[in-house]
Structure formats: C-alpha cells, structure tokens
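Chains A and B, in that order, are what the protein sequence lines are. Residues 6 to 217 (the working numbering) are what the first sequence spells out, left to right. Residues 6 to 217 (the working numbering) are what the second sequence spells out, left to right.
Where hints are given, some of them may not hold.
Said to hold, decoys possible - Below, in silico cross-link-like pairs of lysine to aspartate or glutamate (DMTMM-like), each with a Cα-Cα straight-line distance of 20 angstroms or less: (1) Lys205(A) - Asp117(B); (2) Lys205(A) - Glu188(B); (3) Lys107(A) - Glu174(B); (4) Lys88(B) - Asp162(B); (5) Lys111(A) - Asp183(B); (6) Lys116(A) - Asp117(B); (7) Lys30(B) - Glu174(B); (8) Lys111(A) - Asp117(B); (9) Lys107(A) - Glu29(B); (10) Lys214(A) - Glu174(B); (11) Lys214(A) - Asp153(B); (12) Lys214(B) - Glu43(A).
What the hints assert, rightly or not - Stretch by stretch, here's where chain B covers chain A in the computed footprint (C-beta under 8 angstroms, at least three residues): (13) 67 to 73; (14) 91 to 103; (15) 183 to 195.
Keep in mind that the hints were calculated from the coordinates and are not lab data. Just so you know, even glycine gets a beta-carbon here, dropped at the ideal spot from N, CA and C.
2 protein chains.
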Amino acid sequence: MISFIGGTGPEGRGLALRFALAGEKVFIGSRDSARGIEVAEKLNDLLHTNFIEGGGNEEASHADTIVIATPYQAQKDILQSLKPNLNHKTIINVIAPLTFSKSGIKAISVKDGSAALECQKILSNSLVVSAFNNISAHDLLKKDKKIDCDVIVCGNDPNSKKTVMNLAEKIHQVRSIDGGGLENSKYVEDLTALLLNINKIYNWHSSIKITS
Amino acid sequence: MISFIGGTGPEGRGLALRFALAGEKVFIGSRDSARGIEVAEKLNDLLHTNFIEGGGNEEASHADTIVIATPYQAQKDILQSLKPNLNHKTIINVIAPLTFSKSGIKAISVKDGSAALECQKILSNSLVVSAFNNISAHDLLKKDKKIDCDVIVCGNDPNSKKTVMNLAEKIHQVRSIDGGGLENSKYVEDLTALLLNINKIYNWHSSIKITS
C-alpha cells in the first residue's frame, strides 16, 4: 500500500493514478476524509479499478510507504501531528515550495534549506527521501500520456533511496536518477519553478531528462 | 567575433572550441594575456583552424558579443574594471557559483540572487543574458562528442535573449530554451551543482533536456 498524506492535489492524484496503473494499492489521505474518499472514487472510475482507497491523513499515516504531497505551507502542521505514526518509515517528500504571482513562479526560500530537509527535521526518526518534484502533474493525470522523463531521487539512507528509485520506475518509461543526499533536494525542488515558468512561455507541461 | 572574458577555464575553452567549429571567430581573454594567447593556439592546433585568437581581458572587452566565463569569485572585480567597454552590449554570463568540498558540490548563495543578477547589477548599462550554465565543459572540449542537450537562456531584453538563443544553436544538436527573465537564472545556475553531484555518483558528464 502506497499512502498519500495530502494526496488530493494534482501531484498526489497524478502519482496515485500512475501507481494504481502499475498495479499498486494506493490510499489517498486528506485533511477532509470525505474529500479523500471522493478523489479515490473518481480515480477508480477513470481507471476502471478498485485499487485506490481514500480517507483521512491519520488513516493514511499507518501505511508502510508514505508520500507527503501537501502544499508546502501545510507540511509542518500536518507532519507534527502525525509524527508518531511515521517513525522509522521511508517517507517520500514530493513538495516543491513555490509562490505564484503575475510576475511568475518563484521558489520559496525555506529556513531549513528545502521542503525535504524541513520534513526530515520534523520527522527526525523517519527516513526521508525526496522524489517526483519535477514530474508534470498535468501529464501524470492524463492516463494515456507517456511519462518520458527522469525522476531525481535524493536521500541520506541508501536503502530507502533505492526503494523509492524502484518505486518511481513502476511508472512506465520513467528512469530514476540518484541525486545524492537530501541536501541536494533543494536544487530539484527549485528546478520546478524554472519548469513552470518554461511551461508558461511555451504552453508545455515540461519535465526533465538528464543526458550523459 | 565572440569574445570571452576569463575564457581560459574549461567552460570558456569548451564554448570557444564549439563556436570556432561552427565557423565563428573567437577571442579568448585572460587576466594573463600570454595565457589567453597560449590557450587560443592550443585550440587552433586541435581544430586545425586559425579562428581563435587570444589575449588580455581588456582586449576581449572591445568585441560586440561578450561571454563572461570567469570563476564566480573573480566576476565582480573584473567586470567593474571593464564596465565602460561593456556598456550597451549583450553580455552572456555562463557562471555557476559553486563550492567544492569532500561532502559534495554546493551552489553558493549569492547576495544579489545569482551570478547573472550580480553581473547585471555591476553592468547596469549592459544587456545581461545567462546561458550555457549546465552544459558539460568536459563534453564541449571533446570536439567529436555530440552535445545533445538543451541550453536554457534567461534574460530581460527579448532581442538580446533571442541573439543568445540563436548563438547557442550554432552548437550542433543544441536546442535553446527560453527560461524567462534573468531572475530565473538562479535555478539554472544552481542546477549545475545537482548535475555535478550526479556526475560524481554515475561518473557521467551530464547536461539536461527539457521534455514536453
């Protein structure tokens, strides 16, 4: 079971859809459990499956594999309240802290260095890995669209990182790239601001590939 | 004539080589004019051309198209001394401000926001465009290696940006991407730190492509 905390936004729904397409059981948690259930039902209808369940964030926090997909501004409060349930687990943080204004999209400067580092500071007994920050939610949600991109995965625990790299490659055509330690997540998170600005200029839904 | 200020480092040499390969006249400037001449001669020998000249930074600063390729730490002093010669010109900044240590490669936090914004602040009467920050110097310098990547170009003046986007595509197989205003250069500069960490992990010489 892959469980989403704050999973009703575009990135959470998109990843949930793709993991369900890969045959994984998924749980979509929300602050409003009725909303979690509603989103899960809609995704099941879209996929003609019953792989996706929904409910509250507290219920979501009991799974083995947890994805944090809250808005950045909500991360701190939600994680502090769920911390006891998240100890010693691999926690996948997909948050890119951004502000949107008429002049463009900007990365927020996070006091702890990045959303992932803030998450690790709060969940000091968990194994935080950042991933999926750059992948286009728009494309994830179009179930027939091929996702031809790389997912850069940053984390300090090699086993947790490997688990998340394998999970990412369950999405058809995705390649995982080891992005090093969690401190490098900042570069991946901030890159999302650049990609969204490029999207505005070209009317794209961009992601990235590393060439070598 | 494409002229490099601080052009004897790997990125300057690599870009000079590629522009000469594309048939452009190039000038490699250095604080030590003898070193500029020496580097130019070596590149001419490698390419069997005489397209590349070398000399001092002051001489370099008289060209119409100027590339700033100094180490980040040297940018301020060099640009302040050459400012009168750079007024009203398109200035291409390729600098990614980085620190290297045993624990990895990190982006330096620049007071003015990025190397490109610092450059624009100093050269207040010039049209600064950032580009080429992510392209692998190692690959640029291998003259038979295909450079299959995107160059993200950020700048506030549309005409200057277009000029630099066209220049980048003189490198065979490179695609230019409009990265928006100069304030977005920070994301492109910092991405270089991520790519260099990935290089260490995989023993690659990575660049990026935007997928859409």
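Okay, the hints, checked on the actual structure:
As the CA atoms of Lys205(A) and Asp117(B) are separated by approximately 25 angstroms, the hinted pair breaks the 20 angstroms bound. With a C-alpha separation of about 15 angstroms, the suggested pairing of Lys205(A) with Glu188(B) holds against the 20 angstroms cut-off. A threshold of 20 angstroms between alpha carbons decides the hint, and for Lys107(A) with Glu174(B) the separation of about 30 angstroms lies outside it, so the pair is violated. Taken as a hint, the Lys88(B) and Asp162(B) pair is honoured in the structure, with Cα atoms around 19 angstroms apart against an allowance of 20 angstroms.
For the hint pairing Lys111(A) with Asp183(B), the CA-to-CA distance comes to about 16 angstroms; that is within 20 angstroms, so the pair holds. Of the pairs offered as hints, the one joining Lys116(A) and Asp117(B) holds, with about 18 angstroms between alpha carbons and a cut-off of 20 angstroms not exceeded. For the hint linking Lys30(B) to Glu174(B), the alpha-carbon distance of about 16 angstroms falls within 20 angstroms, and the restraint holds. Our distance criterion of 20 angstroms between C-alpha atoms is met by Lys111(A) and Asp117(B), whose separation comes to about 15 angstroms.
In summary, the hint linking Lys107(A) to Glu29(B) is not supported, as the alpha carbons are separated by about 40 angstroms, beyond the 20 angstroms threshold. Annotation: proposed proximity of Lys214(A) to Glu174(B) holds, straight-line Cα distance about 19 angstroms (limit 20 angstroms). At roughly 11 angstroms between alpha-carbon atoms, Lys214(A) and Asp153(B) fall within 20 angstroms of each other, so this suggested pair holds. Note on Lys214(B) and Glu43(A): the hinted pairing is violated, with a Cα-Cα distance of about 37 angstroms set against a maximum of 20 angstroms.
For the segment 67 to 73 of chain A, the stated coverage by chain B is violated: 0 residues have a C-beta nearer than 8 angstroms to a C-beta of that chain, whereas at least 3 were required. Counting residues of the segment 91 to 103 of chain A whose beta carbon lies closer than 8 angstroms to any beta carbon of chain B gives 0, which falls short of the minimum of three for the stated coverage. Residues of the segment 183 to 195 of chain A lying with their CB closer than 8 angstroms to a CB of chain B number 10, which satisfies the three-residue condition for coverage.
When held up to the earlier numbered hints, the structure conflicts with 1, 3, 9, 12, 13 and 14 and fits the remainder.
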